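Colleague: Turn these sequences into a full structure, and let the hints steer you where they fit.
2 protein chains.
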Amino acid sequence: MDKILKGLPVSRKIYARIKEQIAREKLNPKLVIIFVGNDPAADYYVKMLEKKSKKIGILAETIKLGSAVTQTDFLQILSKLNNDEAVNGIMIQKPLPAQIDETMINNFINPQKDVDAFHPLNLGKMLLNEDAFIPCTPAAVLEMLKFYEITTNGKNVVILGRSNVVGKPLANLLLRKDETGNATVTICHSRTKNLKKITQNADILIAAIGRPEFVSQEMINEGVIIIDVGVNQIVTDKDTTAYVGDVNYDDCLNKSSFITPVPGGVGTVTTAKLLQNVVKAVEFQKM
Amino acid sequence: MDKILKGLPVSRKIYARIKEQIAREKLNPKLVIIFVGNDPAADYYVKMLEKKSKKIGILAETIKLGSAVTQTDFLQILSKLNNDEAVNGIMIQKPLPAQIDETMINNFINPQKDVDAFHPLNLGKMLLNEDAFIPCTPAAVLEMLKFYEITTNGKNVVILGRSNVVGKPLANLLLRKDETGNATVTICHSRTKNLKKITQNADILIAAIGRPEFVSQEMINEGVIIIDVGVNQIVTDKDTTAYVGDVNYDDCLNKSSFITPVPGGVGTVTTAKLLQNVVKAVEFQKM
Numbered sequence: 057m058d059k060i061l062k063g064l065p066v067s068r069k070i071y072a073r074i075k076e077q078i079a080r081e082k083l084n085p086k087l088v089i090i091f092v093g094n095d096p097a098a099d100y101y102v103k104m105l106e107k108k109s110k111k112i113g114i115l116a117e118t119i120k121l122g123s124a125v126t127q128t129d130f131l132q133i134l135s136k137l138n139n140d141e142a143v144n145g146i147m148i149q150k151p152l153p154a155q156i157d158e159t160m161i162n163n164f165i166n167p168q169k170d171v172d173a174f175h176p177l178n179l180g181k182m183l184l185n186e187d188a189f190i191p192c193t194p195a196a197v198l199e200m201l202k203f204y205e206i207t208t209n210g211k212n213v214v215i216l217g218r219s220n221v222v223g224k225p226l227a228n229l230l231l232r233k234d235e236t237g238n239a240t241v242t243i244c245h246s247r248t249k250n251l252k253k254i255t256q257n258a259d260i261l262i263a264a265i266g267r268p269e270f271v272s273q274e275m276i277n278e279g280v281i282i283i284d285v286g287v288n289q290i291v292t293d294k295d296t297t298a299y300v301g302d303v304n305y306d307d308c309l310n311k312s313s314f315i316t317p318v319p320g321g322v323g324t325v326t327t328a329k330l331l332q333n334v335v336k337a338v339e340f341q342k343m
Numbered sequence: 057m058d059k060i061l062k063g064l065p066v067s068r069k070i071y072a073r074i075k076e077q078i079a080r081e082k083l084n085p086k087l088v089i090i091f092v093g094n095d096p097a098a099d100y101y102v103k104m105l106e107k108k109s110k111k112i113g114i115l116a117e118t119i120k121l122g123s124a125v126t127q128t129d130f131l132q133i134l135s136k137l138n139n140d141e142a143v144n145g146i147m148i149q150k151p152l153p154a155q156i157d158e159t160m161i162n163n164f165i166n167p168q169k170d171v172d173a174f175h176p177l178n179l180g181k182m183l184l185n186e187d188a189f190i191p192c193t194p195a196a197v198l199e200m201l202k203f204y205e206i207t208t209n210g211k212n213v214v215i216l217g218r219s220n221v222v223g224k225p226l227a228n229l230l231l232r233k234d235e236t237g238n239a240t241v242t243i244c245h246s247r248t249k250n251l252k253k254i255t256q257n258a259d260i261l262i263a264a265i266g267r268p269e270f271v272s273q274e275m276i277n278e279g280v281i282i283i284d285v286g287v288n289q290i291v292t293d294k295d296t297t298a299y300v301g302d303v304n305y306d307d308c309l310n311k312s313s314f315i316t317p318v319p320g321g322v323g324t325v326t327t328a329k330l331l332q333n334v335v336k337a338v339e340f341q342k343m
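Those sequence lines, one after another, are chains C and R.
The opening residue of the first sequence carries number 57 in the working numbering; numbering runs sequentially from there.
The opening residue of the second sequence carries number 57 in the working numbering; numbering runs sequentially from there.
Keep in mind that the hints were calculated from the coordinates and are not lab data.
Hints are supplied without guarantee of correctness; some may be wrong.
Identical copies carry no separate label here, and so any pair may be met within one copy or between two of them.
In silico DSS-like cross-links for lysine-lysine, where the CA-CA straight-line distance does not exceed 27 Å [said to hold, decoys possible]: (1) K249 - K59; (2) K120 - K107; (3) K120 - K108; (4) K311 - K62; (5) K294 - K211; (6) K211 - K136; (7) K150 - K233; (8) K249 - K233; (9) K211 - K252; (10) K249 - K202; (11) K111 - K62; (12) K82 - K111; (13) K249 - K211; (14) K233 - K69; (15) K311 - K202; (16) K253 - K211; (17) K253 - K75; (18) K202 - K62; (19) K82 - K311; (20) K311 - K249; (21) K108 - K150.
The structure displayed is predicted, hence computed values, not measured ones.
Modeller: Structure follows, in structure tokens:
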């Protein structure tokens with residue numbers, strides 16, 4: 057096995073599985089994306105998502121809203137989608153403008169259509185190990201581990217970052233009593249003291265802090281497995297923009313036993329997990 | 057300050073605060089306890105809870121159900137309480153008989169009356185740091201830390217146990233960006249390897265595994281702060297029953313800088329946090 061854990065073979069497998077299921081069960085899954093404003097990166101992502109969806113048999117529709125949309129109008133649109141039986145999944149593309157209260161939106165979305173798993177009911181069910189949507193990035197990390205047959209049982213897993221969308225849910229998932237769980241989990245963040253001492257003790261290091269190339273060779277132990285969740289836009293020496301992870305890849309490559317690249321690593325799988333949640337939504341709504 | 061962190065001064069302060077609030081705001085909080093069967097320990101606890109409630113101005117009513125109660129009947133009773141405006145808090149005394157599906161019950165209780173915070177919506181909101189009920193034992197641990205001015209900021213907190221009611225919620229709470237948060241949190245459990253190496257590195261060790269006197273002197277570092285959440289019934293040499301924690305108290309007393317006793321430690325505060333949640337329920341239902 058190559059030491060570089062690429063996302064593509066993992067996402068391909070997921071897409072094939074979804075496509076096959078949709079065809080076999082004659083499903084008509086529909087995803088609605090709400091896209092506010094005109095952020096170019098977000099626009100690029102939404103278009104890619106529409107294309108991917110079409111390829112595997114999911115109908116993706118994007119509702120574009122002006123960046124001045126009011127909270128009331130936003131909730132009205134969301135309410136309609138919540139109640140529209142033809143809509144299985146709803147995804148709200150971030151960032152949202154300042155006048156939109158993100159917490160209120162996350163609480164308002166129909167939990168059965170919440171393919172991003174930002175609704176507290178879904179996060180609570182995840183914590184309790186009940187059947188629910190799982191946030192896409194943590195789910196992608198687990199999918200990577202599973203695909204590359206990296207066991208977590210009894211391993212020291214160190215997570216850098218305590219966000220609601222990655223660090224915290226991931227910690228809870230890695231504690232489950234299942235094949236991608238049973239890990240001893242340590243969560244570090246900006247307040248952590250002696251960080252190096254902790255990261256050097258990791259069997260698996262998962263970086264999700266949003267700081268470009270933060271993890272360097274001195275911080276890791278020989279043979280560590282590195283999962284890099286970060287995607288940071290930087291300006292290169294040649295004045296072009298590029299994306300790098302939270303890990304200094306070149307610096308850590310030799311010392312690690314396995315490492316995910318950025319781009320081409322976890323991010324690739326995240327989108328696949330999102331679309332898998334759309335099919336899951338169809339199942340939830342049948343119950 | 058004494059090195060023994062007793063629960064009584066902490067719970068007294070909470071009870072005084074609740075009593076004062078109830079009187080000042082002229083509240084009539086009502087707690088309904090559902091008690092199935094006739095487990096003597098549970099019966100003892102329920103009676104104590106009724107007495108405590110009365111003392112501070114909470115009306116506590118217990119509904120006793122036979123141990124053969126069906127799931128349907130249970131849900132019907134719960135549904136009535138869910139919709140009864142005079143009922144602010146509902147507490148379901150454990151253990152429940154085998155025919156009752158605990159997960160279904162926890163999902164069915166009105167989240168606004170869920171004073172034990174077992175409903176996934178409350179746990180999800182806790183994870184997201186939204187205003188919600190917090191499970192009573194983790195809340196009691198934080199209350200102990202606060203009362204005794206033990207800071208968690210940047211400290212290595214090691215939690216033994218990954219249960220849904222203590223370990224997992226507590227880990228999430230200790231990661232919050234507040235005065236009882238900002239800790240570096242490690243969660244250990246039965247699958248953890250080199251446990252001693254991890255516990256020896258703890259600034260604060262929280263034991264919640266339900267194994268009598270599991271933590272011994274060799275496992276801890278000089279000066280560690282020990283919070284013992286365990287309550288285990290044992291048979292003594294003299295053939296009487298006694299309650300001990302997850303920590304070998306006598307063995308660890310000298311080496312630790314602070315330690316909570318069992319009984320008389322965290323458990324005392326847990327009940328106070330439950331009753332505080334009843335008052336919180338009144339506030340939630342006013343919104």
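Colleague: Within a copy, between copies, both or neither: where do K108 and K150 come within 27 Å Cα-Cα?
Modeller: Classified as within: same-chain Cα gap 19 Å, cross-chain 48 Å, threshold 27 Å.
Colleague: If the cut is 27 Å between Cα atoms, do K249 and K59 qualify within a copy, between copies, both or neither?
Modeller: between (30 Å within a copy, 25 Å between copies)
Colleague: Go through the copies and call it for K249 and K211: within, between, both or neither, with a Cα cutoff of 27 Å.
Modeller: Answer is both; intra-copy 22 Å and inter-copy 7 Å each pass.
Colleague: Please sort K311 with K249 into within, between, both or neither, judging by C-alpha distance up to 27 Å.
Modeller: both (23 Å within a copy, 23 Å between copies)
Colleague: Using 27 Å as the alpha-carbon threshold, which applies to K249 and K233: within, between, both, or neither?
Modeller: Classified as between; 15 Å across copies, 30 Å inside a copy.
Colleague: With identical chains treated as interchangeable, where does the CA-CA distance between K120 and K108 reach 27 Å or less: within a copy, between copies, both, or neither?
Modeller: Classified as within; 19 Å inside a copy, 56 Å across copies.
Colleague: Go through the copies and call it for K249 and K202: within, between, both or neither, with a Cα cutoff of 27 Å.
Modeller: between (31 Å within a copy, 21 Å between copies)
Colleague: Checking K233 and K69: alpha-carbon separation at most 27 Å within a copy, between copies, both or neither?
Modeller: Only inside one copy: K233 and K69 sit 25 Å apart there, 39 Å across copies, limit 27 Å.
Colleague: With 27 Å as the alpha-carbon cut-off, assign the pair K111 and K62 to within, between, both or neither.
Modeller: within (21 Å within a copy, 63 Å between copies)
Colleague: Have a look at K311 and K202 and pick one of within, between, both or neither, based on CA distance no larger than 27 Å.
Modeller: For K311 and K202, only the intra-copy Cα distance (22 Å) is at most 27 Å; the inter-copy one is 42 Å.
Colleague: When no copy is named, should K82 and K311 be tagged within, between, both, or neither for a Cα gap of at most 27 Å?
Modeller: neither (48 Å within a copy, 66 Å between copies)
Colleague: Is it within, between, both, or neither for K294 and K211, if the alpha carbons may be no more than 27 Å apart?
Modeller: Cα proximity of K294 and K211: none, with 41 Å in one copy and 42 Å across.
When each numbered hint is compared with the structure, violations occur for hints 5, 6, 17, 19.
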